[in-house]
Amino acid sequence: MVATTRKLHHFHGGVHMPGHKEASTRLPVVDAGIPGRIVIALQQHIGAPAEPVVKVGDRVLKGQIIGRASGYVSAPVHASTSGTVTAIEPLPVPHPSGLNIPCVVIETDGEDRWAELQPLEGYPEAEPDLLRARIRDAGIVGLGGAAFPTAVKLTPPADAAIDTLIINGAECEPYISCDDMLMRERPEEVIQGVVIMRRILGVRACIVGLEDNKPEAFQALQAAAAGTGIEVVQIPTIYPTGGEKQLIKVLTGKEVPSRGIPAQIGIVCQNVATAAAVYRAVRFGEPLISRIVTVTGGAVREPRNLDTLIGTPMEHLLDRCDPHLTPEDKLIMGGPMMGIPLRDGSLPTVKATNCLLAATPGDQPNQGQTMPCIRCGECTRVCPVNLLPQQMYWHARAREFDKIQDYNLFDCIECGCCSYVCPSHIPLVQYYRFAKTEIWDQEREKKKADLARRRHEFKQMRIEREKREKAERHKAAAARAAAKTNAGKADAGKAAGGAKTATDADKQAAIQAAMERARAKREAAAQAGAEPKQTANDADA
Amino acid sequence: MQAIDLRTPHIHLDSSVSLAMRRVLYALVPALIVQTWLFSWGVLINVLFAGLAAVAFEALMLRLRSRPVGSYLADGSVVLTGVLLAMALPPLSPWWMTLIGVGFAVVFGKHLYGGLGYNPFNPAMLGYVLLLICFPLEMTSWVAPRMLLEMNIGVTDALSAIFLGTIHGGTGIDAVTMATPLDSLKVQLGLARTVQEILEKPTFGILGGRGWEFVDLALLGGGLWLIWKRVIGWHIPVAMLGALALVAMIFNLVDPGRYATPLFHVFSGAAMLGAFFIATDPVSACTTPRGRLVFGAGVGILTYIIRTWGGYPDGVAFSVLLMNMAAPTIDYYTQPRVYGHGDKAP
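One line per chain: the protein sequences are A and B, in this order. So for the first sequence, the numbering used here puts the first residue at 1; every next one is plus one. So for the second sequence, the numbering used here puts the first residue at 542; every next one is plus one.
Honestly, the hints are just simulated from the structure, not real lab data. Do not take every clue at face value.
No more than 35 Å apart at the CA atoms, straight line, and that leaves these computed lysine-lysine pairs for DSBU-like [as the list claims (entries may be wrong)]:
| # | chain 1 | residue 1 | chain 2 | residue 2 |
| --- | --- | --- | --- | --- |
| 1 | A | K254 | B | K742 |
| 2 | A | K447 | A | K459 |
| 3 | A | K403 | B | K770 |
| 4 | A | K484 | A | K446 |
| 5 | A | K447 | A | K436 |
| 6 | A | K446 | A | K459 |
| 7 | A | K7 | B | K742 |
| 8 | A | K475 | A | K459 |
| 9 | A | K470 | A | K507 |
Keep in mind that this is a model prediction, so the values were computed, not measured.
Assemble the whole structure, with the sequences as input and the hints as a guide.
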């Protein structure tokens, strides 16, 4: 076995917290089974939603594409089992926005019949572009939680010289153990997936980092990685080491630039479950239609990890774990630090669902009364980004959105370390989310207002121009008419029989002159009366 | 209805404001015992009286400001304010002085600014400075430590001194009081004596003032316990005592006859109380790590300046208040480097 000698680094802050992971790692991973109804959201990733390619009444097979990627940063979605499409409509899904998202509802037939798959034999020698296309077609997104389309992440900008692939097995949030169980039970899939991604990126250095509270996973991965040149590294268990930026710092000592991406410092970071999904997609042609989900918390008697079809209702998963929920208990998708609280168990799982936490009040102690901030600075001590959380809190409360940006609000990763240690129990992260949303809204409003102002100015300019052109046309017409009259007079002098014409011409000239006078008068009045307005318009333009 | 609950689920560490305040009070207990032993029952009586008065004022103000009285009183912050102020007062201070000090601290120092968390100044020090300015004579009449006293001041003596203004049916309080060590150093230096001559007098002990040094050792112990328990950070106490000692050392090296040693400065007056219990008040101090170093150093240096050249024997209270004023600005200029900003790793 290769002894790793990698020098580890520290990031600022972080907290040690009870892991509660033992509960769900006692039993092996089992299949969650096929629920009667599956709800597949057409947007389960960061980027544009997929477009449905099936209609109500269609019969679909397991692995069949039902939503096509609709842009570069997008991912297709597939039926996770066979059955009949019964509806395509916006439905509630667990998404931080809380908005309804178009979903394909499938009434399952229990047969679980696969569509025809296209395995890629000899994948270790395949061209990177082909491998990328396979990953893209399989609808793989980052399974660590952010759900960014994996193929896009494996296509770094042309000017970025990628030299290191980092695989995130840290899984730092309490309670969650799906990555741990995956690494223990299917280490070869993870390592083979890493080999494929390493080939796509053409890099030599490849590090799998996992927290030292997962010794079994470490052993299994090390054995599987033997001879591949992949470095498996144990890192200290500190929340939030699983944050991409924190993990990169720990393993390499480098920092991802603010508002930048790891590719800027030559690094691509992927989750272990993503690696396993990449392997299955390339080797067997299987799209991403299932994942391991941890079901745990005090409100289930048999916490464990379940291999779950995407779109399975949360209730179905709970029922597999002997639940005894009471009205005080809470359902959370994800961990207790960054998860999304659910209002009920009817919501479907999505690709980003790593954990379903049925939390009793005992799992969430100290949700007590919020007291005033006493500026104790504990939040500053634990912030992994080295922000000043309490200062941001004051400015968010006061709605001073300019000042809060001076304190680098947008560098906040919302890990919740500050809320965790706050002795006054202030829900700090909520204030930052509020401030971020308000600032985005303001920027949108400002853009809209800018657009409206530009439109208005353009309209003003056009009106002015038309007025000017009209005046010039009139002037030209008058000049022509005057020339004609003069010519007519001269003619009348010469020709006796032209009297009628002359009279007509005279009449016309008189009318023309009267019109000229009236216009001059009008213009004079306008000049005198509306001068300030005119100036203001000029200034505007 | 929205599908999800938009509140953050974040769990909490088992900590609270009241726990922190209680721990600070526990840390004061050893010093309180030593101080009571050395300077009569008056210390304990003052502390109890001030604590009760503080709670009463706080309850009244919460009532007037329509705030929940019970839960806010339970945070314990106001008891701490009262206790800290009382420990800084002369042991036999008359009850009305304590009342005025506590009342000013709680009403003006705390609630008129918006209550807990909003006061820019340390309330206890505001109360202390008010009394120092209004009643300079009473505020400098400290009871002599028991080893320098002929008589023993009992509980009844202390009670009668505090609430009636007399001891033993007629003896004046001045019979048992004397100038504090810092005060006598200042006066004696003014009489052209050298520091060495002055420190040989019985008023002075090994580290600082006679008796005072034990109180300061107890405060040091309590303060270290608070750091160990993470109730306070190390930055402010280390910076304050370090700066005070450093400046004292420089002047002491230049002219040992005119300037006392660093050890004397650290173990005299309110240096120890200030370093661990007063300058560390989170609400009114700096909050950034580097800011806390600057803040502490500022308090230490100002304390030395006021003690040595100012009009008052001790300067901790004024120094803390002056640095309180500067705290927001210091915080602004000492923001830590955020992850991903700049090239330099922290």
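Each hint tested on the structure:
no.	hint	verdict
1	A:K254 / B:K742	62 Å, violated
2	A:K447 / A:K459	18 Å, holds
3	A:K403 / B:K770	34 Å, holds
4	A:K484 / A:K446	57 Å, violated
5	A:K447 / A:K436	16 Å, holds
6	A:K446 / A:K459	20 Å, holds
7	A:K7 / B:K742	60 Å, violated
8	A:K475 / A:K459	24 Å, holds
9	A:K470 / A:K507	24 Å, holds
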